[in-house]
Amino acid sequence: MSVTPCPTEANPTTPTAGTWALTCLALVMLLSSLGTSIANIALPTLVDAFDTTFRAVQWVVLAYLLAVTTVVVSVGRLGDLIGRRRLMITGIGLFTVASIACATAPELWMLVGARALQGLGAAVMMALAMALVGDSVPKQHAGRAMGFLGTMSAVGTALGPSLGGGLVLLWDWPAIFLINMPLGLLALLLATRYLPADVSSRDRPSLDIPGSVVLAITLAAYAIAMTQGRGALNNTGTALLCLAAVGAFVFVAIESKARSPLIRPQLFRRRLVATGFAMSVLVTTVVMTTLVVGPFYLTGALGLSPAAAGAVMTAGPLVAALVGVPAGRGVDHFGAHRVTVTALIAMVVGTVSLTLLPASLGAVGYVLPLITLTAGFAAFQVANNAAVVTGVEANDRGVVSGLLNLARNLGLITGASVMGTVFAAAVGEPGVAAAGALAIANGMHTAFAAGAMLVGVALLLAVGMARPSPSPTV
Numbered sequence: 003m004s005v006t007p008c009p010t011e012a013n014p015t016t017p018t019a020g021t022w023a024l025t026c027l028a029l030v031m032l033l034s035s036l037g038t039s040i041a042n043i044a045l046p047t048l049v050d051a052f053d054t055t056f057r058a059v060q061w062v063v064l065a066y067l068l069a070v071t072t073v074v075v076s077v078g079r080l081g082d083l084i085g086r087r088r089l090m091i092t093g094i095g096l097f098t099v100a101s102i103a104c105a106t107a108p109e110l111w112m113l114v115g116a117r118a119l120q121g122l123g124a125a126v127m128m129a130l131a132m133a134l135v136g137d138s139v140p141k142q143h144a145g146r147a148m149g150f151l152g153t154m155s156a157v158g159t160a161l162g163p164s165l166g167g168g169l170v171l172l173w174d175w176p177a178i179f180l181i182n183m184p185l186g187l188l189a190l191l192l193a194t195r196y197l198p199a200d201v202s203s204r205d206r207p208s209l210d211i212p213g214s215v216v217l218a219i220t221l222a223a224y225a226i227a228m229t230q231g232r233g234a235l236n237n238t239g240t241a242l243l244c245l246a247a248v249g250a251f252v253f254v255a256i257e258s259k260a261r262s263p264l265i266r267p268q269l270f271r272r273r274l275v276a277t278g279f280a281m282s283v284l285v286t287t288v289v290m291t292t293l294v295v296g297p298f299y300l301t302g303a304l305g306l307s308p309a310a311a312g313a314v315m316t317a318g319p320l321v322a323a324l325v326g327v328p329a330g331r332g333v334d335h336f337g338a339h340r341v342t343v344t345a346l347i348a349m350v351v352g353t354v355s356l357t358l359l360p361a362s363l364g365a366v367g368y369v370l371p372l373i374t375l376t377a378g379f380a381a382f383q384v385a386n387n388a389a390v391v392t393g394v395e396a397n398d399r400g401v402v403s404g405l406l407n408l409a410r411n412l413g414l415i416t417g418a419s420v421m422g423t424v425f426a427a428a429v430g431e432p433g434v435a436a437a438g439a440l441a442i443a444n445g446m447h448t449a450f451a452a453g454a455m456l457v458g459v460a461l462l463l464a465v466g467m468a469r470p471s472p473s474p475t476v
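For the sequence shown, my numbering assigns the number 3 to the initial residue and increments by one for each residue that follows.
By construction, these hints were calculated from the structure, which means they are not laboratory data.
Please note: incorrect hints may appear among the correct ones.
Within a straight-line C-alpha distance of at most 25 Å, the following computed SDA-like cross-link-like pairs (lysine to any residue) qualify [unchecked claim]:
#1 LYS259 with SER214
#2 LYS259 with PRO212
#3 LYS259 with ALA218
Assemble the whole structure, with the sequences as input and the hints as a guide.
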């Protein structure tokens, strides 16, 4: 895929350099998404390897997720301040070194700590990849570039379980981390040679440390409450949610008075940013429903084997990978607003179809709405990311890119907890594990009915935006 680079006075580029820069960013997205999904398949092996409990090894996954969620906005702003190229190279290096530390960890606590460092590197990579697209690619080609990154992210997410399973089978669990070393070194080479140079500035504001710390604590409290409680809040979960609420108020107070705020309050007064963030949280929450509820419906209501259910569920990531680049071209040709609205309409059709789906249609009946929903989500992500990142000033692209990644993670966390709770409540007694096919189907219908309402809200937000993005000429 060839995309014309965006030359600047500080960094004149050639088409070849622009193509290699985009290749680097795509590899970065592949690595960070692979890091999210590849470890899950190795959890049973880690239980045996470290002679511990499943609850303990879950922190191998949670440490990565928490690190990404808590710092992705802060590192995005840091990239705006000290230079996105410099910080990206540092993030790739940290991710690669931490991957080696994961593979060689002799104790579980060391593995968890190394995964947290790996997540920190991934946060840098995720936050700055989209921002660097804005620096490297002309606005009229930003859609297809974002689509390419979205495709690589979907490929990494889909490839993780199968690649991880094969590596564990052939070379044991350290291989799922060592695979990152050659890919990380290649990304480092491409980044140092082809990413656009940072623009020097004598008057750079400092990072908002108090705001960064409070935001990290707030997000960590919310994430732990959601992931540990799975929606059924105990005293600890309630306390953590209260802490998150207090932290949010404190953060807003800090930002309103800070000389150099982490997130400028003016950003969320811009309808494009505020609406884009809200829509992303809503639709990602709904997409997570397919991952939480889908396996129970396919095995419990349709009677599929786990292997067959897994094969059916791969249709979603596969479609997302195929839709990314065409959706990006659509953004460049028709404008981000039109693609966003069309994508959300497709998601409404998919969720409503799943709400009304009779079990008699079997797996094929489930796959068709799933494909519609996932294709709509992939197109929405491309259009929304392109509109928001290219719609702000260059010195805000890092933090805005971080906010978009945060919205995605918040949606995933909330969807896993809240939509799982809606499903379980609709199934009723004696619980999901012992429920019959009819009860599980009813739970699935209820969960996707709630999802349809959330996507409907997102669609109303999109339609109600002040004005659509102008359709660039290609």
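Against the structure, the hints come out as follows:
no.: 1; hint: LYS259 with SER214; verdict: holds, 14 Å
no.: 2; hint: LYS259 with PRO212; verdict: holds, 11 Å
no.: 3; hint: LYS259 with ALA218; verdict: holds, 19 Å
No hint from the list above goes unmet by this structure.
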